[in-house]
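*Asks:* The numbering used here applies: residue 1 is where the sequence shown begins, and numbers increase by one.
These are calculated hints, taken from the structure and not from any lab test. It is possible that part of the hints are untrue.
[To be verified] Computed beta-carbon distance windows for the label pairs: (1) I300 x S119: 44 to 52 Å; (2) S196 x N270: 14 to 22 Å; (3) H269 x V218: 15 to 23 Å; (4) S141 x G74: 37 to 45 Å; (5) A98 x A352: 47 to 55 Å; (6) V37 x E206: 36 to 44 Å; (7) P258 x T324: 47 to 55 Å; (8) T326 x K38: 17 to 25 Å; (9) E328 x A352: 19 to 27 Å.
[As the list claims (entries may be wrong)] Below are the DSSO-like pairs computed for lysine-lysine, each with C-alpha atoms no more than 30 Å apart in a straight line: (10) K58 x K38; (11) K82 x K264; (12) K17 x K38; (13) K264 x K207; (14) K227 x K38; (15) K17 x K82; (16) K38 x K330; (17) K82 x K207; (18) K330 x K17; (19) K227 x K58.
All C-beta atoms, glycine included, are put in the ideal place defined by N, C-alpha and C.
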Amino acid sequence: MSMMPKGVEPNLSLVEKIANAVLYEGYILYPYRASAVKNRQRWNFGALCPQSYSLAQKGTEAWTMQTECIVSGGERTTLDVKVRFLHLLSREVRAPIADSGARMVDDSDQETLGSIVDSHFQAVESLEVGGQIFQTWQEASEREVSVSVLNLSELSAQPQRRTFSFPSQRELELLRDADGQVVVVIVRQQQAIEGSIEIAAEHAGEKLSKITVHILNVTPLADAEQKSRDDALLRSFVSTHTILNVRDGEFISLLEPPEALREKAAACHNAGTWPVLVGEEGARDCLLSSPIILYDYPQIAPESAGDLFDGAEIDEILTLRIMTLTDEEKREMRGVDARARQILERTETLPAEQLMKMHGVMRSSRPHQENEQ
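Starting from the given sequences, assemble the full structure and let the hints guide the process.
*Replies:* So, in structure tokens, the structure goes:
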């Protein structure tokens with residue numbers, strides 16, 4: 001694994017905006033509360049579970065993702081590949097067990113703190129303390145694996161394989177009252193994950209190469225047939241997508257390829273993902289392979305005030321709905337996590353003129369060509 005050199009990712013800001021929208025699509029949906037039914041089963045896009053769990057589910061849950069695309073280039077053409085996904089972590093709220101005698105916990109001794117919390121505090125769905133709601137939830141960390149400067153000629157002769165892993169983590173957060181007694185413990189725990197990326201290039205015609213990027217989740221999961229989907233998701237790659245950049249070459253659109261390359265484009269096998277050109281209109285140096293269907297050169301509307309995590313909805317409608325939430329609903333939304341809280345705070349402080357911009361905007365149409373009918 002290596003970080004890409006500076007200055008080799010054209011249109012980076014445009015690409016990142018789209019990629020981040022893909023990364024967090026469906027993270028939390030309106031009404032943006034943990035108790036809402038639609039937020040009880042999350043992570044429906046680009047989830048790659050451990051192989052053993054996929055086999056136990058007879059393939060209904062994917063453990064691999066494959067991108068194939070066509071590059072036009074020569075001997076100097078090089079490829080950069082970046083795989084991004086979310087690594088989930090469980091956030092468990094725990095309340096003191098009655099008469100456990102553990103409210104006066106000394107958190108300076110980290111070695112014994114974990115065992116004290118496990119034996120004297122019990123998990124709850126939510127807990128209200130001092131007017132604030134604490135909720136059990138799944139948060140996420142952004143993960144990124146980059147493989148850089150792959151020469152296509154060398155890649156054709158020798159495919160590349162990169163393995164990666166991220167370790168398990170556990171963090172305890174103790175919240176105390178005015179007397180110093182522990183009233184809430186928040187346990188954040190992240191499971192270790194392991195994966196690999198296989199990258200290959202195949203000659204596909206004069207100055208043409210077919211690129212294949214295969215992502216695999218090889219995280220061990222014992223007794224997979226007895227595990228729940230939530231158990232598997234904690235060891236999964238979620239919202240997985242791939243960004244490919246090419247130098248001294250260009251990608252061929254799979255949606256609208258030149259007539260001479262239609263058959264080659266149609267022969268590309270993409271499993272669980274959809275590659276499209278991204279960046280400035282007409283640029284062909286960057287491809288986003290997304291788990292949700294997009295068209296070439298997708299854009300974030302300039303009128304959008306920020307992420308709402310639901311690309312299927314209209315920003316104005318979602319914003320107005322958030323404004324009509326009751327105080328109690330807003331309080332619950334505020335307690336979900338920082339991202340939900342940011343949506344609420346942004347909406348409550350949204351200037352009227354910004355809301356009006358969402359209502360409707362005139363855009364110039366494509367110039368009419370004389371030969372068009």
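*Asks:* Determine for every hint whether it applies to the structure shown.
*Replies:* Status of each hint after checking the structure:
{"no.": "1", "hint": "I300 x S119: 44 to 52 Å", "in the structure": "49 Å, holds"}
{"no.": "2", "hint": "S196 x N270: 14 to 22 Å", "in the structure": "19 Å, holds"}
{"no.": "3", "hint": "H269 x V218: 15 to 23 Å", "in the structure": "21 Å, holds"}
{"no.": "4", "hint": "S141 x G74: 37 to 45 Å", "in the structure": "39 Å, holds"}
{"no.": "5", "hint": "A98 x A352: 47 to 55 Å", "in the structure": "51 Å, holds"}
{"no.": "6", "hint": "V37 x E206: 36 to 44 Å", "in the structure": "55 Å, violated"}
{"no.": "7", "hint": "P258 x T324: 47 to 55 Å", "in the structure": "50 Å, holds"}
{"no.": "8", "hint": "T326 x K38: 17 to 25 Å", "in the structure": "18 Å, holds"}
{"no.": "9", "hint": "E328 x A352: 19 to 27 Å", "in the structure": "26 Å, holds"}
{"no.": "10", "hint": "K58 x K38", "in the structure": "25 Å, holds"}
{"no.": "11", "hint": "K82 x K264", "in the structure": "24 Å, holds"}
{"no.": "12", "hint": "K17 x K38", "in the structure": "25 Å, holds"}
{"no.": "13", "hint": "K264 x K207", "in the structure": "13 Å, holds"}
{"no.": "14", "hint": "K227 x K38", "in the structure": "22 Å, holds"}
{"no.": "15", "hint": "K17 x K82", "in the structure": "15 Å, holds"}
{"no.": "16", "hint": "K38 x K330", "in the structure": "17 Å, holds"}
{"no.": "17", "hint": "K82 x K207", "in the structure": "24 Å, holds"}
{"no.": "18", "hint": "K330 x K17", "in the structure": "27 Å, holds"}
{"no.": "19", "hint": "K227 x K58", "in the structure": "14 Å, holds"}
Violated hints amount to a single one, hint 6; each of the other numbered hints is respected by the structure.
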